[in-house]
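One line per chain: the protein sequences are S and Z, in this order.
Taking our numbering, the leading residue of the first sequence gets 1, the next gets one more, and so forth.
Taking our numbering, the leading residue of the second sequence gets 1, the next gets one more, and so forth.
Computed beta-carbon distance windows for the label pairs:
(1) Z:Asp234 x S:Ser57: 24 to 34 Å
(2) S:Val208 x Z:Asp191: 44 to 54 Å
(3) Z:Trp163 x S:Ser57: 49 to 59 Å
(4) Z:Ser179 x S:Val297: 49 to 59 Å
(5) Z:Ala304 x S:Ile399: 35 to 45 Å
None of these hints come from the bench; they were simulated from the model.
Yeah, the Cβ is synthetic: ideal placement off N, Cα and C, and Gly gets one too.
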Amino acid sequence: MLAGMRQGLLAVLIAVTGFLGAALLGSPLAHAADATLVGSITSPDGSAVEGVEITASTEDGFSESGVSDANGEFVIALPGGGTYQVDIDVATIPDGFALEKPEDESRSLLVLGGEKKILTKLVEGEGGGGDGGGFIDVTGDQFLQLLFDGLLFGVMIALAALGLNLVFGTTGLTNFSHGDLVTLGAFTALLLNLVGVHLVIAAPIAVVFCAIVFGWGQNRVLWRPLRRRKTGLIAMMIISIGLAIVFRYTVALFFGAAPQTYKQYAGQSGISLGPVTATPKALILAVLAIITLVVVVIWVQRSRIGKATRAVSDNPALASATGIDVERVISVVWIVSAGLAAFAGIYLGMTQNSVWNMGQRILLIIFASVILGGLGTVYGAIVGALVVGVFINMTSLIIPTEMKTVGALFVMIIILMIRPQGLLGRRERVG
Amino acid sequence: MDWGFILTQTTTQAIGITAIIYILAAIGLNVQFGYAGLLNFGQVMFVAAGSYAVGVIVLTFDLSLWLSILVAIIVATALALLLGIPTLRLRADYLAIVTIAASELFRLTVRSIAFKDTLGGAQGLNGKLGQQFHDTNPLPADFQSLPVLSWTRQDLWVVIVGWLLIAAFTVLVWLLVRSPWGRVIKGIREDEDAVVSLGKNVFVYKMQALILGGIIAAFGGIVWAVAKQSVQPDTFQPDFTFFAYTILLLGGAARVFGPIVGGIIFWFLLAGTGEFLGQAIQAGWIDFLQPTDVGNIRFMLMGAGLITLMVFRPQGIFGDRKELALDAR
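With the hints as constraints, model all of the structure from the sequences given.
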């Protein structure tokens, strides 16, 4: 379960690669073995994944297990050549990981003698950790680790949720393509990274690029003309769905369906901070994200344009009558929103990986956050995101990990029944 | 470049099994969104319910396929009640978010390991789901193929029954929207407060529309399970709902024939683009694309088409702009 706590931090490809195994000492069958099954388990960023159990058995009753050690390696001594049943205990695979080929869970393998190497790829998925049962064996440290990972994930969601709420507040648009703005941010940085720009430089360029092109540009080309034509909100919502589909499949076309990692900082081992561990990159990203969130909140509260934003959110007609240039405010809001989304994308891409449908997968979590906090509110988005991030991680204590999103969505529906304006929203008619 | 092949393939798909499934889902959406104004973004949940009813009844419990139709109707009704009670009072944007969330909730639950024994987990249910239906096939056993449309004997029987279902539901919708009931739900779409002031229980009418639309979509799911003999949880993604919306809006929402026209055109264009691009790549006309790119390009064009449609002709091909202002809040 420990490795499973890293959900939100780990990327997801475990390669069980073969290597020459000589470490037969300590194996009860070492003296007899003239065949060995060897492999190593690593996450895509190169760090070892510990604790995955592999069993080799025959119909004659031979059965021997190996568990990947701190280096992610395992060795199973076999009595000789022959056909073996090789099973990977999926319950020991960390949360958020799954076998790329589900049939690898249990397969029959012909070993001729010597070392048999096996190559099994794992991908990010929900079929992994089977450690969903009960509060049994949960230590205080594990509890804190879950809480901490949840907060790290929640900060990322907060970046995206805040942007969504700003646009909703000023224009009334429920933007279904906001998740794909997250994806575009991750992939803009990846593109720069692939052509040789170091990630530290690529990331801010990507954020600025996305803010201008996908924020300012998108509003200018699409949404502003639609507002001028007085297009209805439902029509705009459906247009945003069309846009989401275009964005998503464009990314899939150019980058393929496989998850990708950045060239730098891919493999980092965790450092411990008292009772919890985290990778340095996740900590730095979280600190940067928190600074960004604070800056945006102060900007909305204090700056002239920020105050104008709140005025437009409150009542566009009245704001316009008092001399506020509503369209200019909306332009600025789109820039901020897309920039925040791009940051969230890079955050997600660095701590997990970049995949064409990453934004679609977190869109409902973003929605759950803003509804929990209050649709259109600035603080609500942040509070909602942190609560949802922690909630998603904590529920993996009592329900199977693969279903943790279910809990968040369920809570969202409950909130809508009892307090539809959200935790921090103002009471108004939403029904 | 074999134009004849492209045309036959495209036509076969435009009125084929997949088109039938989507059209049934879109007819359901037409009742909910087109007439009652309910922005249900979770239609795929009802389709999944229909498919799973067949899978569970036939495969898990080894009971009759005909019983599963009854179960599908009951499950769809129950889901509509569960979905509707908390959400039907919500504003359109909230309703959209909650319904899409509910459909994902449903998908993640049915694919869960917790119910693997009954629902098959992530692999779903695969087996002879539609055997009882295919046994009733009246087509001659030595049936080869229709002149232009390349269906197998088994598929053709599904297509025939599928279109009969579409016809039946279209007539039903046509009768209903001309009835006093239809006038009330259209009234709710136009001005809910006005209908309330006439003493109508708006909530009940909305619920009825949601249930009816859900049941029609569940029949799409039944056709799916019977035709493909397989129920896969991950095919029931939110994108299904969005495609059904595209079909409805293409043909024209709040038009009885909207889903049918929209569905045929949608699949004709989608399949046509796919076949054309595939052939063009094979023939070497387009060398910067791989055959595997065709799927992505099709969806990109579809998304772009949806945007264009909503910007320039939100009422669809046959729609009446006055009837569907698409601005209910």
